[in-house]
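Please arrange chains B and C on chain A, whose structure you already have, making use of the hints.
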Amino acid sequence: MNIKNIVTGAVAMGVLAASGAAHADVTLNALFMAQAAYSEENIRDMTAQFEAANPGIKVNAELVPYEALHDKIVLSQSANGYDVVLYDVVWPAEFAQYQLLEDVSSRIDDKTRAGVLDGAWTTVKYDGAFYGMPWIADTKFLFYNTEMLKEAGFDAPPATWEELKTQAKAIKDKGIVEYPLVWSWSQSEAAICDYTTILSGMGGQFLDADGKPAFNSGGGLDALEYMVSTLDDGLTNPNSREYLEEDVRRVFSSGQAAFALNWGYMYNLANDPAESQVAGNVGIAPAPGTDGVSKASAVNGSMGLGIPTKSDHKEEAWKYIEFLTSEKVQDKFAKLSLPVWEASYSNPDVIKGQEPFVEAAKTSLAVMAPRPTMASYQEASAALQEALQNAMLGASTPKEALDEAAETISDMQ
Amino acid sequence: MISQRKTVTAWLLLTPMIVIILGVSGYPLIKTIYYSLTGAKLIAPDLTSVWVGLDNYVRALSSGKFLEAIWHTTYFAVISVGAEMVIGVLVALLLNEAFAGRTVLRAMLILPLALPTVVNAMMWRLVYNPDFGALNALLVQIGMLDAYRSWLGDPASALDMVILADVWKNFPLVALIALAALQTVPKDLYEAATLDGAGVWNRFWRITLPAIMGPLSVALVLRTIEAFKVFDIIYVMTRGGPASSTKTVSFYVYQEAFAYMRVGSGASYALIVVLISSCLIAGYMYLIRKQGEV
Amino acid sequence: MQPSLTKKIFIYVGAALLALVIAVPVLWLFIMSISSSTHLTTLPLQWWPDAPTLENYKSLLVYAENSPSASFLYGIRNSIIIAFAATAVSIAAAIPGAYSFSRLPGPRRKNLLFAVIAIFMLPPVAIVLPLYTVMSALGLLNTHFALIIVYCSILLPFTTWLLKSNFDTIPGDLDEAPIIDGANRLQAIWYVILPIARPALGAAIMMAVLLAWDEFFYGLLFTNDIRAKTITVAIADLAAGRVADYGLISAAGILAAVPPVVLAFFMQKTLVSGLASGSVKG
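Protein chains in written order, with my numbering: chain A, 1159 to 1571; chain B, 24 to 317; chain C, 120 to 401.
Incorrect hints may appear among the rest.
So these bits of chain A aren't anywhere near chain C, every CB distance computed over 12 Å [what the hints assert, rightly or not]:
{"no.": "1", "residue": "A1219"}
{"no.": "2", "residue": "D1313"}
{"no.": "3", "residue": "K1330"}
{"no.": "4", "residue": "S1554"}
Here's a subset of chain C near chain B, in silico, CB distances under 8 Å, partners left out [to be verified]:
{"no.": "5", "residue": "L139"}
{"no.": "6", "residue": "A189"}
{"no.": "7", "residue": "P215"}
{"no.": "8", "residue": "S219"}
{"no.": "9", "residue": "L223"}
{"no.": "10", "residue": "P318"}
{"no.": "11", "residue": "L340"}
{"no.": "12", "residue": "L390"}
Simulated from the structure, these hints should not be mistaken for lab results.
We put the beta carbon where it would ideally sit given N, CA and C, even for glycine.
Same shape as in the complex, but just chain A (with noise of 0.2 Å):
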């Protein structure tokens, strides 16, 4: 039954295709995260009012946790998956491999090409060919309740992770909170997004120049032996390496932490009193960086959008890609997920109200240090999310960890 309609199907769009006239009601079927950067309102929202601006075209969204992201998108390979899907920046390599995505290099134009973020067309380009559209720029950023900073003495967010941890430690024996720092580290990409954030600040690198792993010496060491450090000193909340960003969004919103590190989305919600305690006490700064060595430290946690090539919807999923990422809606949308446009940073309808927010991003996403490039990257961020765990864990000493991890990995290549 289903397989004559899909029959049916292409013969009637092969019809419709030669006639001229596809523009019969077209359903997209668009698949999301659910997690940090943009709400489901927001995307409910932008959705509608596409909707309205393009009678004909339904959307369907589907909003899944980013765990079950990448499965998601490799397991809707057939007639029946979606149109557009949200991907993160570390893919693009395994899905050109197994052409995944669509090639719209072509569709975009020269003005869209000078107007986005330099850092954001990272997200979407892989050997010189753009499989999307960046949606997303963020990275990972240090916050701080100024209450529990002021209380504790200091008057302003640690510059360098070694002041992190002083400054932590003074609000610890104060007794102002007793686990100042929380962080995502449970075994997820999360973790290794944090990381990556140290290991960048700490002058480390994920692969050498021969493409061979580097992580397990240097500042890839230093960042993982800090993590563990930061917990043997009941710095760190323990719980941290069973959180995501929620988890830590929930924590420090509670006000039992004085330090976090996550996403930009945090900055708005942990000030909206509805759905924090601490609103209005939120301080927002680049990550810290190393003296002498950096000045702060992020990663690049850019999305794009894409059309999966088997999309059988594509001049509308472009429209619909199109419109979500334009200046107009960004600049509308942008107290969760700031614009790809670098127009954005200076408008003032963007900036107002959530000036620290766009004073750390413009020193943040210049830095953005990016998790390695490979098409086996799935598979190399497990060994390495489970080495960070056995490290922080006290299984084995960071050394033993990464070193164990470099080895599965460069089995891998």
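For chains B and C alone, coordinates are given in the frame of chain A:
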């Protein structure tokens, strides 16, 4: 002549079932065996399937992580089924006594059993939440725990906590089966034994246990086979973490094939699991044949 | 014989303990479902909300496009369609199959029955990869049809077996008589066997629906959005996502549990006898 026609009818009546089983289970099983000998990828598997012989199996059996996953699965199965058996029998013994509220209590056993596995997993994940979960709050408030702790974030306790959730859902099954068996034991057997001077313990070993052993052993093997498949409760509660301490074989196969797209080696992992399950299934077949239930 | 007082105390303490162990987690799930999210993240934890609210249920049950309610309500719809259709297909094939196993001669078919049961017990990972690639090639992923067919691999062997052991208890003369009078086998099954086996048939249908409703693995892999996603997958997505709202997640859990729990309570006797006779569970 008649018996020949009967045979034809017999096979005709079986046809729909055979067609469906062959199509949905038989053919895929053979194809899995084929995939396991190739390097097939998830996308266009038939185009990418390069014959690699037994390489996938060799790699699987020499992979420490896979063997670890087998160990986690075995631990999960043995501990959870063991606990379900003991608790189930105790509950059945209790419900076999006459007391007010017995019927209500027996009806309550249906609740965990009918609760969808995913809902059960989610419910316990909320209960175990390190900051806002009920377990920490309860234990601290009654003084059994000094400070909040992480239940699912600690490799030393994570798998046990998952097991606890599984036991809560499945012990009623064992209890109901054991209870049905208990009710077939004649009361005068106990009275006679009591007159002989046998104590409670003695009566349990001599009369009760032998009487319910049959159905109980069936339930034991069935639950073990089920426990070996465990996936959904892990997926919802821990996704294999922390430090991969709750990664079971089903989760491992899922990851290999659907996250890393290696259908070939995923299939070889799956078949190793099948081999282990087959031993259990054979045990089960032996039991039901012995009891003449088929 | 009057039980001693110690024994009585023992029994009532045990019964109270058992009732608590079963009821408390579910009760807590319910309390969370009528609490606001700020209440649930206030420390120290309070055991009863100051202002119980049905807001969580409302936001799941009142349909709004591209919201949790859409995902939830479509999930319920898809699960109902898939569970009932898969049960119908399985029962339709299981009845003649079970009859054949039970009534008609032939030693080879007994081995076949064992093979069928063995297949039922195989872990799903044994067959999921080819099922996925075939469904993908036919463009059947993310359709009800795919899950209906795949669920038959779980439901059919199990219902066949349950019905077969029941048919065994029905005297053979009952259906041989109409056959001698010229009726065919299907008529004999329809008019003679099924009316007698009605309770077993009810048990088989109910347990099949419960099994299908509970299924997660295939649902996760073979569906991607509201067109076919089942309720179990919808709940797993909801529970892990941005909706950090424990109250909402709990309400979804309670609502998803209502149909199977009601069904099981309603048919409690059948369920217990079904369990006892076959000692079967999927």
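Hints versus structure:
Taking the minimum C-beta to C-beta distance to chain C, about 4 Å, the non-interface status of A/A1219 is violated against the 12 Å cut. Annotated as non-interface, A/D1313 keeps its C-beta farther than 12 Å from every C-beta of chain C; the closest such distance is 29 Å. With 12 Å as the threshold on Cβ separation, the claim that A/K1330 sits away from chain C holds: the shortest Cβ distance comes to roughly 18 Å. Look at A/S1554: its CB is around 28 Å from the nearest CB on chain C, clear of 12 Å, so calling it non-interface holds up.
Interface hint at C/L139: violated, since its Cβ lies 10 Å from the closest Cβ of chain B, which is beyond the 8 Å cut-off. Contact between C/A189 and chain B, as hinted, is not supported at the beta carbon level, the nearest pair being about 19 Å apart and thus beyond 8 Å. At its closest, the beta carbon of C/P215 sits 4 Å from a beta carbon of chain B; the interface hint therefore holds under the 8 Å criterion. Taking 8 Å as the C-beta contact cut-off toward chain B, the hint placing C/S219 at the interface holds, the least distance being around 4 Å.
At a threshold of 8 Å, the smallest CB-CB gap from C/L223 to chain B is about 4 Å, leaving the interface hint in force. The beta carbon of C/P318 comes no nearer than 15 Å to any beta carbon in chain B, farther than 8 Å, and the hint placing it at the interface is violated. The beta carbon of C/L340 comes within 7 Å of a beta carbon in chain B, closer than 8 Å, and the hint placing it at the interface holds. Checking C/L390 against chain B: minimum C-beta separation of about 7 Å stays under 8 Å; hint holds.
In this structure, the earlier hints numbered 1, 5, 6 and 10 are contradicted, and the remaining ones agree with it.
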